[in-house]
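Asks: Below are the chains, spelled out letter by letter.
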Amino acid sequence: GNSVTQMEGPVTLSEEAFLTINCTYTATGYPSLFWYVQYPGEGLQLLLKATKADDKGSNKGFEATYRKETTSFHLEKGSVQVSDSAVYFCALRGSGGGADGLTFGKGTHLIIQP
Amino acid sequence: DGGITQSPKYLFRKEGQNVTLSCEQNLNHDAMYWYRQDPGQGLRLIYYSQIVNDFQKGDIAEGYSVSREKKESFPLTVTSAQKNPTAFYLCASSPQGPGANVLTFGAGSRLTVL
Chain R
1 GNSVTQMEGP
11 VTLSEEAFLT
21 INCTYTATGY
31 PSLFWYVQYP
41 GEGLQLLLKA
51 TKADDKGSNK
61 GFEATYRKET
71 TSFHLEKGSV
81 QVSDSAVYFC
91 ALRGSGGGAD
101 GLTFGKGTHL
111 IIQP
Chain U
1001 DGGITQSPKY
1011 LFRKEGQNVT
1021 LSCEQNLNHD
1031 AMYWYRQDPG
1041 QGLRLIYYSQ
1051 IVNDFQKGDI
1061 AEGYSVSREK
1071 KESFPLTVTS
1081 AQKNPTAFYL
1091 CASSPQGPGA
1101 NVLTFGAGSR
1111 LTVL
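First to last, the protein sequences are chains R and U. When you number the first sequence by our numbering, it's gap-free, plus one each residue, and the end is 114. When you number the second sequence by our numbering, it's gap-free, plus one each residue, and the end is 1114.
Think of the hints as simulated: they come from the structure by calculation, not from any bench. There's no promise every hint is true.
Heads up, simulated BS3-like pairs for lysine-lysine below, C-alpha to C-alpha not over 30 Å straight-line [said to hold, decoys possible]:
id, chain 1, residue 1, chain 2, residue 2
1, R, Lys52, U, Lys1057
2, R, Lys49, U, Lys1009
3, R, Lys106, U, Lys1009
4, R, Lys49, U, Lys1057
5, R, Lys56, R, Lys106
6, R, Lys106, R, Lys68
7, R, Lys52, R, Lys77
8, U, Lys1009, R, Lys60
9, R, Lys106, U, Lys1057
10, R, Lys60, R, Lys77
11, R, Lys106, U, Lys1014
12, U, Lys1083, R, Lys106
13, U, Lys1070, U, Lys1057
14, R, Lys68, R, Lys52
15, U, Lys1009, U, Lys1057
16, R, Lys56, R, Lys68
17, U, Lys1071, R, Lys49
Between the sequences and the hints, there should be enough to build the whole structure, so can you do that?
Replies: The following block contains the structure:
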């Protein structure tokens, strides 16, 4: 079956530091890949997505590139802010259509210190 | 503005009681989902529905029930058979066709069993 593995948290960084959150996946075919963000006490919001190999998703300074050869979709940001503190989820939807929604990783809690 | 409304935001229940969580969407989405979130475990799928009057079990359906009598509504009942119901519950929806990959989430309902 499909699965997503992302780095364990919490990840603690200083403001303006470079961020990488690793995400690798297991799936057959060509799944669609997503990063969602969850702020305290709230639901999940879509941050970015990529639907085919070598696509780069980007939003709010965050980027992730769909790497088929390494089955990875790592999240990066060049200079983080305190407001980026949240839990980040990597997710995939199978190439078969995935009527049962998305498969999520366990989430990475990011803490940005001023 | 279109979106998903979950209620109540916080709910306390005594052991042995059933409780129903509401999920309403005005996005005209066909598919709706319920996920359960526990610390360090990510999101796990409880039930999903692709069309009115039809729904399927997800990975952890035991102790839960749902109905889909209207396109806009997908309530979740947590029954007394659910052994460990204390968790954060998230409802989501998605369209069919183009855009089907992207899930929109509600703000969540936190259930605590006393």
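Asks: The structure should be examined with respect to each hint, and the outcome stated for every one.
Replies: Results of checking the hints against the structure:
1. Lys52/R - Lys1057/U: 29 Å, holds
2. Lys49/R - Lys1009/U: With a Cα-Cα distance of about 28 Å, the restraint between Lys49/R and Lys1009/U holds, given a limit of 30 Å.
3. Lys106/R - Lys1009/U: Holds, because 23 Å separates the two Cα atoms, which is no more than 30 Å.
4. Lys49/R - Lys1057/U: 26 Å, holds
5. Lys56/R - Lys106/R: Holds. Lys56/R to Lys106/R sits at ~22 Å (cutoff 30 Å).
6. Lys106/R - Lys68/R: Holds. Lys106/R to Lys68/R sits at ~21 Å (cutoff 30 Å).
7. Lys52/R - Lys77/R: 21 Å, holds
8. Lys1009/U - Lys60/R: 28 Å, holds
9. Lys106/R - Lys1057/U: Holds, because 21 Å separates the two Cα atoms, which is no more than 30 Å.
10. Lys60/R - Lys77/R: Answer holds: Lys60/R to Lys77/R is near 9 Å, not above 30 Å.
11. Lys106/R - Lys1014/U: 29 Å, holds
12. Lys1083/U - Lys106/R: It holds: about 22 Å lies between the C-alpha atoms, which stays within 30 Å.
13. Lys1070/U - Lys1057/U: 18 Å, holds
14. Lys68/R - Lys52/R: Judged against 30 Å, a Cα distance of about 9 Å means the pair holds.
15. Lys1009/U - Lys1057/U: Given pair Lys1009/U, Lys1057/U holds - Cα atoms ~24 Å apart, limit 30 Å.
16. Lys56/R - Lys68/R: 12 Å, holds
17. Lys1071/U - Lys49/R: 26 Å, holds
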